[in-house]
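There are 2 protein chains.
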Amino acid sequence: MTEDRQDTKNRLLDAAENLFSHKGFEEVSIRELAGAADVNVAAVNYHFQGKDNLYREVIRRRFIIQRDRTLAAIGRVLTENNGKPPLDSLIRSIVSLYLDASLSPKQDGAFLKLIVRESHSNGDHATPLFFKEMVAPVFRTFSNALMQARPRLEQEQVDWIIASIIGQIHHFIMRWQKRQSFPEDSEALQIMLNAFPALGLPVEEYIQEVTRHITQFSKAAIDTLYPEVSP
Amino acid sequence: MTEDRQDTKNRLLDAAENLFSHKGFEEVSIRELAGAADVNVAAVNYHFQGKDNLYREVIRRRFIIQRDRTLAAIGRVLTENNGKPPLDSLIRSIVSLYLDASLSPKQDGAFLKLIVRESHSNGDHATPLFFKEMVAPVFRTFSNALMQARPRLEQEQVDWIIASIIGQIHHFIMRWQKRQSFPEDSEALQIMLNAFPALGLPVEEYIQEVTRHITQFSKAAIDTLYPEVSP
DNA sequence: ACATAAATTAAACACAAGTTTGAATTCTGT
DNA sequence: ACAGAATTCAAACTTGTGTTTAATTTATGT
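Which chain is which? The protein sequence lines are A and B, in order. Going by the numbering used here, the first sequence opens with residue 1, and the numbers climb by one from there. Going by the numbering used here, the second sequence opens with residue 232, and the numbers climb by one from there.
There's no promise every hint is true.
[To be verified] With beta-carbon atoms standing in for the labels, derived distance ranges: (1) B:Asn271 to A:Glu154: 52 to 60 Å; (2) B:Asp238 to A:Asn40: 49 to 57 Å; (3) A:Tyr226 to B:Asp283: 30 to 38 Å; (4) A:Asp38 to B:Glu440: 38 to 46 Å; (5) A:Asn82 to B:Ile295: 54 to 62 Å; (6) A:Tyr226 to B:Leu302: 33 to 41 Å; (7) B:Arg242 to A:Gln49: 41 to 49 Å; (8) A:Leu71 to B:Pro382: 26 to 34 Å; (9) A:Leu129 to B:Ile295: 56 to 64 Å; (10) A:Asn40 to B:Gly266: 35 to 43 Å; (11) A:Tyr226 to B:Pro317: 16 to 24 Å; (12) B:Pro382 to A:Asn144: 37 to 45 Å; (13) A:Glu27 to B:Asp238: 48 to 56 Å; (14) A:Leu71 to B:Ile261: 41 to 49 Å.
[As the list claims (entries may be wrong)] DSSO-like mimics (lysine-lysine), calculated; alpha carbons at most 30 Å apart, straight line: (15) A:Lys51 to B:Lys409; (16) A:Lys178 to B:Lys282; (17) B:Lys363 to A:Lys178; (18) B:Lys409 to A:Lys23; (19) B:Lys363 to A:Lys51; (20) B:Lys409 to A:Lys132; (21) A:Lys23 to B:Lys254; (22) A:Lys132 to B:Lys254; (23) A:Lys23 to A:Lys132; (24) B:Lys363 to B:Lys240.
[Said to hold, decoys possible] So, partial list: chain B residues that the calculated Cβ filter (under 10 Å) puts toward chain A: (25) Ser374; (26) Glu418; (27) Ile422; (28) Val441; (29) Ile453.
Please keep in mind that the hints were generated in silico from the structure rather than gathered at the bench. The structure presented is a predicted model; accordingly, all values stated were derived computationally and were not measured. For every residue, glycine included, the Cβ atom is placed at its ideal position computed from N, Cα and C.
Throw the hints in and build the complete structure from the sequences for me.
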């Protein structure tokens, strides 16, 4: 029984993650969910006491994984450089981690769309959870690491820098998602590709190019605005 | 009759713009719409043949205004500087125009949320229209202006730069919206304000600060990555 | 092996959504 | 003033949603 319990519960969680991340909370019905997981419609309410709770569980499960990966990645860059990480290594590790997790089909797939979606959505389905368990720790750690890389930076300056970096990451993730959602021969897609040809690349190269751009763009801005004193 | 026709139709359009921009397409019901405009529920279908079409009309009406304002603003910066606009003036005019139109209550209010929402949404309610009539012309014009400001820039480099600027704009708009959606005493709001104190400012100052930051951040990056040749 | 608890199922419920209907009202041109 | 068209209205229709129910099946502990 505990065998089957975990089975249906996990099948539901897996299906939910898939569907939610591709279509969003509202756009996925319980019947669709149940169909994909091959369980009865009542299972959602039996095991999770409602759709909202299932969504929260999905988000939590993934958030924790990604949060831990992020903290680990930042920690790695720090220790590898004895507490004084190069700025570009730091930025690159964050950017590529999020792009990878969001876009790469080889990874866990599109699950990080959940995060982007959640941070842009208005629903209160999981927002408090999202902020408390995910945003806050990652922000603090990244913020501290940036101040290790550039000790003369003040907290407020770091806040602005992080906002600009995150904004770019989100935007390039969204662009890719949008690109994928268009029919291959649609006029809108043509316009999009014309305005931004990189969207025609394969995923891996897109991730690579975006990572390169955000990293060098942001580093250049930081170096110019807040120059290090020469030793 | 043509008097009343315009009256109910416009009342509906106005109410729709208000509600759609604050709550999004799905979250606004026809009954809510009709109630706010003080018309019968059937009016939407009578005058617009369905909710989708009403949404499209709302979007189009506002898109055209904002698009024309954008093109005019860029044109102004160009002529004021004899075709060689300073980079920061160019960026600042775009950024402040979009922040103003999106956040300022004195202006048309929150209508530009529509654009941000639309460019991040998955629905096909108005996306092709959005791309063809709005994104394409604005992109082309902004792109050309940037190449006037920095003649050595190549098209592909400009594409990346614009993406970074737009990404930042969207992100700061979203942050403000999200901030507004939180209860004043919620824990999530505390976390948010702690990670980004500028959200505690009044709107006008927020717009001012964000404009300043995006402008100098982006200009610094461009100047460093693609330096001008000295004459 | 059996009583009990857990889990699954098909069916129904309650509700809110967009839309349609057909009658009543208002406007328009003559 | 009147006929005909345009508009408004209350009400019903249709569909899809999340959830609940009550019966049935399956697993568990003794």
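Structure-based check of all given hints:
no., hint, verdict
1, B:Asn271 to A:Glu154: 52 to 60 Å, "holds (58 Å)"
2, B:Asp238 to A:Asn40: 49 to 57 Å, "holds (52 Å)"
3, A:Tyr226 to B:Asp283: 30 to 38 Å, "violated (48 Å)"
4, A:Asp38 to B:Glu440: 38 to 46 Å, "violated (52 Å)"
5, A:Asn82 to B:Ile295: 54 to 62 Å, "holds (57 Å)"
6, A:Tyr226 to B:Leu302: 33 to 41 Å, "holds (35 Å)"
7, B:Arg242 to A:Gln49: 41 to 49 Å, "holds (43 Å)"
8, A:Leu71 to B:Pro382: 26 to 34 Å, "violated (45 Å)"
9, A:Leu129 to B:Ile295: 56 to 64 Å, "violated (40 Å)"
10, A:Asn40 to B:Gly266: 35 to 43 Å, "holds (38 Å)"
11, A:Tyr226 to B:Pro317: 16 to 24 Å, "holds (22 Å)"
12, B:Pro382 to A:Asn144: 37 to 45 Å, "holds (41 Å)"
13, A:Glu27 to B:Asp238: 48 to 56 Å, "violated (36 Å)"
14, A:Leu71 to B:Ile261: 41 to 49 Å, "holds (47 Å)"
15, A:Lys51 to B:Lys409, "holds (23 Å)"
16, A:Lys178 to B:Lys282, "holds (23 Å)"
17, B:Lys363 to A:Lys178, "holds (15 Å)"
18, B:Lys409 to A:Lys23, "holds (21 Å)"
19, B:Lys363 to A:Lys51, "violated (37 Å)"
20, B:Lys409 to A:Lys132, "holds (15 Å)"
21, A:Lys23 to B:Lys254, "holds (18 Å)"
22, A:Lys132 to B:Lys254, "holds (24 Å)"
23, A:Lys23 to A:Lys132, "holds (24 Å)"
24, B:Lys363 to B:Lys240, "holds (25 Å)"
25, Ser374, "holds (8 Å)"
26, Glu418, "holds (6 Å)"
27, Ile422, "holds (5 Å)"
28, Val441, "holds (9 Å)"
29, Ile453, "holds (8 Å)"
Hint violations for this structure: numbers 3, 4, 8, 9, 13 and 19, all remaining hints satisfied.
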